[in-house]
Structures are given as C-alpha cells and as structure tokens.
Amino acid sequence: LDVLTVNDGTYIGSYLALEVGTYKMCVSFDSQHIQPCPFDVNVYSSGYFPKAYDDPLNVWEDESISFNPLENDYVAGDNASLLGFSQPGHGSLLRDGNLLRYTPIKDLSGNDSFLYTIVDINGNLAAATVHIFILTAPPQFVSFSGGLQATEDLISPRSGGFSGLEISYSDLMENISVTVQALSGSVILSPMLMQFRQPASGRLSVSNGGEDGRLLILEGQIGVINPALQSIQYLGNENFAGVDSLRLSTRNKNGINQLDVPVFVEPVNDPPFIDVPQYIMLESNGSESLIFHRETDKFNFSVGDPDLASFPGGESLFLVTFSVEVTDGFLLANLPSELINSTELKLRNVFQWQPIQTYAAISKHVNVKASGIRFRGTIKQCNDLMQQLLHHGGENGAVLTLKLSDMGNYGCFLDCTERISLPLHAKAHVNLIRKRPLSSLAAHVLGSVIVVESLIVFSLATLLLFFTCKCAFLLVHEKRNEQKNSHKPTVIKRLFSLVVFLQPSMSKP
Numbered sequence: 001l002d003v004l005t006v007n008d009g010t011y012i013g014s015y016l017a018l019e020v021g022t023y024k025m026c027v028s029f030d031s032q033h034i035q036p037c038p039f040d041v042n043v044y045s046s047g048y049f050p051k052a053y054d055d056p057l058n059v060w061e062d063e064s065i066s067f068n069p070l071e072n073d074y075v076a077g078d079n080a081s082l083l084g085f086s087q088p089g090h091g092s093l094l095r096d097g098n099l100l101r102y103t104p105i106k107d108l109s110g111n112d113s114f115l116y117t118i119v120d121i122n123g124n125l126a127a128a129t130v131h132i133f134i135l136t137a138p139p140q141f142v143s144f145s146g147g148l149q150a151t152e153d154l155i156s157p158r159s160g161g162f163s164g165l166e167i168s169y170s171d172l173m174e175n176i177s178v179t180v181q182a183l184s185g186s187v188i189l190s191p192m193l194m195q196f197r198q199p200a201s202g203r204l205s206v207s208n209g210g211e212d213g214r215l216l217i218l219e220g221q222i223g224v225i226n227p228a229l230q231s232i233q234y235l236g237n238e239n240f241a242g243v244d245s246l247r248l249s250t251r252n253k254n255g256i257n258q259l260d261v262p263v264f265v266e267p268v269n270d271p272p273f274i275d276v277p278q279y280i281m282l283e284s285n286g287s288e289s290l291i292f293h294r295e296t297d298k299f300n301f302s303v304g305d306p307d308l309a310s311f312p313g314g315e316s317l318f319l320v321t322f323s324v325e326v327t328d329g330f331l332l333a334n335l336p337s338e339l340i341n342s343t344e345l346k347l348r349n350v351f352q353w354q355p356i357q358t359y360a361a362i363s364k365h366v367n368v369k370a371s372g373i374r375f376r377g378t379i380k381q382c383n384d385l386m387q388q389l390l391h392h393g394g395e396n397g398a399v400l401t402l403k404l405s406d407m408g409n410y411g412c413f414l415d416c417t418e419r420i421s422l423p424l425h426a427k428a429h430v431n432l433i434r435k436r437p438l439s440s441l442a443a444h445v446l447g448s449v450i451v452v453e454s455l456i457v458f459s460l461a462t463l464l465l466f467f468t469c470k471c472a473f474l475l476v477h478e479k480r481n482e483q484k485n486s487h488k489p490t491v492i493k494r495l496f497s498l499v500v501f502l503q504p505s506m507s508k509p
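Under the UniProt record's numbering, the first residue of the sequence shown is numbered 1, with each subsequent residue one higher.
Be a bit skeptical, because a hint or two may be false.
What the hints assert, rightly or not - For each label pair, taking beta carbons as the anchor points, the in silico distance ranges come out as:
# : residue 1 : residue 2 : range
1 : 316       : 209       : 38 to 44 angstroms
2 : 357       : 158       : 50 to 56 angstroms
3 : 42        : 11        : 46 to 52 angstroms
4 : 174       : 92        : 23 to 29 angstroms
5 : 149       : 288       : 50 to 56 angstroms
6 : 65        : 209       : 53 to 59 angstroms
Hint data in this document are derived by calculation from the structure and do not stem from the laboratory. A virtual CB, placed ideally from N, CA and C, is assigned to each residue, including glycine.
Just need the whole structure built from these sequences, with the hints factored in.
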C-alpha cells in the first residue's frame, strides 16, 4: 500500500490488487482505525468499465451531419447511453437519443471539437472528444433555368460568351480548376473578352486535355474563373444539330462537383451533293451499257445530304427529288413499284416531264425507258438507281445530267412551323464516251510502228553508249600521257632538237 501526503492534510493511498474479487481493508491513523473498518473493496477486470474513444468527423461547409459517437466506444454488454456533451465552439449540436447532429456556422471551414460523456448500466462513466473537420465544398454552380442556344456549324454565341455560366466559392484566394467539355462538339474561349480581363484579378491558366484534346481546363482563383466561364463559346461537330451536353466539372483539394448543361443546336439546311467523275468510258457497240459499275470502277459515285445523319425523322422520311437525263440515247432502269406515283419521264424530242401512263409491275418492280427519269424518294433509293442505270444508243457518246433537290428537308422534322427553308439543289454532268475498237489494218499498222520505234530507240541507245565509252577511254589515255610528260621534260627537249637537226639533212639529195 502506497500513501501519498498532500499539503492540505489529505492522504491518498493506492493498492495494487493482483486478482479479481472482494477485498476487506482498514485505514489506521496514529494506531487508531478509521471507521468503517473494515470496508469492502470490489476489484473488477478492465473489461468491466466503459472506454470512450475520440471520434474524427468530416462535414462539408454549410451542411450538417448526423452521427452516433458511441459507435467506436467500448461498453460491457453494449448497454450504454449518452450522458451529456459540451457545445462546440463553431457550430451547434442537436440530440436525438444517442444520435447527434452537428451544423457548422455558415461559410465556415476549418476545425471544431466538443466533449461527450457516456454511462453504462452500473453508473460507470467515460469521456472522449469529437474532432470535427469542416471541409470547403467544391465550387458550386449558380443555378440557371433552361439551356444554351447554338447554331449548326457556327461558333455560338457569335460575340462574347454564354453569360449564364457562373460558380460560387467561399475561399477567394484558393486555386481551383474547372473543366468544360462538349460531348458532340468543342469549346473555346472568346479572345475578345479574355483580352480585356483585369490582370489584378489573378492569373488564369488555360490548357487542353483529354484523348482528343477537346477538354478545356481552367485553373486559377474564383476571380478569374468566372470571367473565363462567361467567355466560353461552343462549336458543334460538322453538320451536328440537335441536343448536345456541356459537361462542367469543378475541383478543389476536397472533391469534385459536376453539372451537365443542355445545348440546343439549331439546325441549318446544308446543300446536297453528287459525287461522280467528269467522264465514263462505255462500250462502243451501242447496246445497253451499265453506266456506274461498282465492282470495276475505281471512282466514287453517290448522292447524299449532310443533314441526313441528324434528321430526327429518320432516313425513310427524308425525301429528295432526283433526276437523270441524257442528251443522246435512252436510259433504262428498274424502279420499285412504290416510286411509280412520283416518277416522271422525259421522252425523246419532248421537253416536259410526264407521269407514267401505263406500266406493268413484275415482282413489285417496273422497267422504264426514257431520255430522262425523275422521282421523289430516299437517298438510298437514289443510290440504288445509279448502281443499276443503263444507257442505250448514242454511238457518238452523250452527256448525263444528274440533279438532286433536298426539298427543304433538314433537322426541323416535326417542328417546322416556325422554321422554313428553301430547297437546295445539286447538279453534275458526266460525259459518256463510247469506246471505238480499231480495225485489223489499223491495229497491224500501229503494231508495226511500235516495233520500228522500239528498234530505233534501241539503236540510238547503243550508239550513245559506244561514244560515251570511247570518250572516257580517250580522256584516261590523255591523262596518263600528261603525267608521263611532266616527269621527263629534258628528254623531250633533246628529242625535239634532234628531230629539228635531222630534218634539214634528210631533205638534201
């Protein structure tokens, strides 16, 4: 037994019990027992008493959170209750049984704490501290109604940016980031607005990210982020019309916040197109010849309209007017029976289109023969006609004229009462050239000329090679003689003098 004396006359004693049980003890002072004597001391194991542990708690600013502080505490038999708690320094607490709801002060971020006490069924107490971390929420988007308006194939808005894009953030000095991405287009910053931004409001970092580089990333303080957001411009993909989505994501050190803003892209009527070559070679016998042959032709031949891909009514309701005419001969085609009511023909020496008067349908198809064929159908039906279009006659060739009208159809299907577009047209000409086979005499003469020309070219090449080799040999031989003469100048001079001396003597009789 250890006894400790305190200056105010108090004695404190401590005893270490080695086993669990009931002990009888007496306290004596000046050889006299202090009553009661003996008194009972019950010794319990450590698991008998409750243990309270500190609780970490995270909460977003301007939000509340409900929690049970007893969840991580130890109580024998799990039978304990919350006895009391202190009030936090930067928020308020509400109690509902053993549950507590903490609400921080508005626009506050940082740390807070409070104490709480628990009690078990035996009246044993334990206390702990709740440490609260008030996190700054990611930047929030200022609410706005509706969506954004844009126009197909144009930067929208034409001047400035979308004024409705704005975020709010409590920490004016912290750097945050905002990413903007269009699902069916791209976003850029208006250079006109960005160059008038005040430098004193902070530094703005602008970059592109993502796999295709279409992700616009803005980094900086809230003072520079909002002006940048209000200078954003949108450009949809080529020929895109309809509803797109502008995905905005804000990020700070604690998390991410996202918002999808609808973008209503107003459609614009684009002209149709005809893709054909300038001329096509046909057989010369004047019989029926297939004009466009997909298996053998190396060029592209098709008609289409850029508005077809985004037409809400689908391909079957996107109707166009297609016509083909030749200046000489006839065109032959096999049309499906559903096109007969809209098909018109132009006969030889008749300059007006006339509907089909009589026809015989075979397997729901009708054979037509005329110098011109015009009908109203889908883009697929127009391309099907081109693939099986035949030309007959016209031994000297002909000119094929193709015309396509979109009849004003574009992306305003089922909503065209206030959107009226004039029909747009496409026109193309193809020269049909008949091949003329050579006669036997012309072919024999042409073959002979080719053989003679080949022999002449071979002879000239051989002669050129011979003179080239001869010149090279002479140049080498002359160079060797020059080298020998440079080494023996004296001998040459003596020989020359000897020759000069002998010449007069040899000339005498």
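Taking the hints in turn, this is what the structure says about them:
no. : hint                           : verdict
1   : 316 to 209: 38 to 44 angstroms : 41 angstroms, holds
2   : 357 to 158: 50 to 56 angstroms : 54 angstroms, holds
3   : 42 to 11: 46 to 52 angstroms   : 22 angstroms, violated
4   : 174 to 92: 23 to 29 angstroms  : 26 angstroms, holds
5   : 149 to 288: 50 to 56 angstroms : 55 angstroms, holds
6   : 65 to 209: 53 to 59 angstroms  : 34 angstroms, violated
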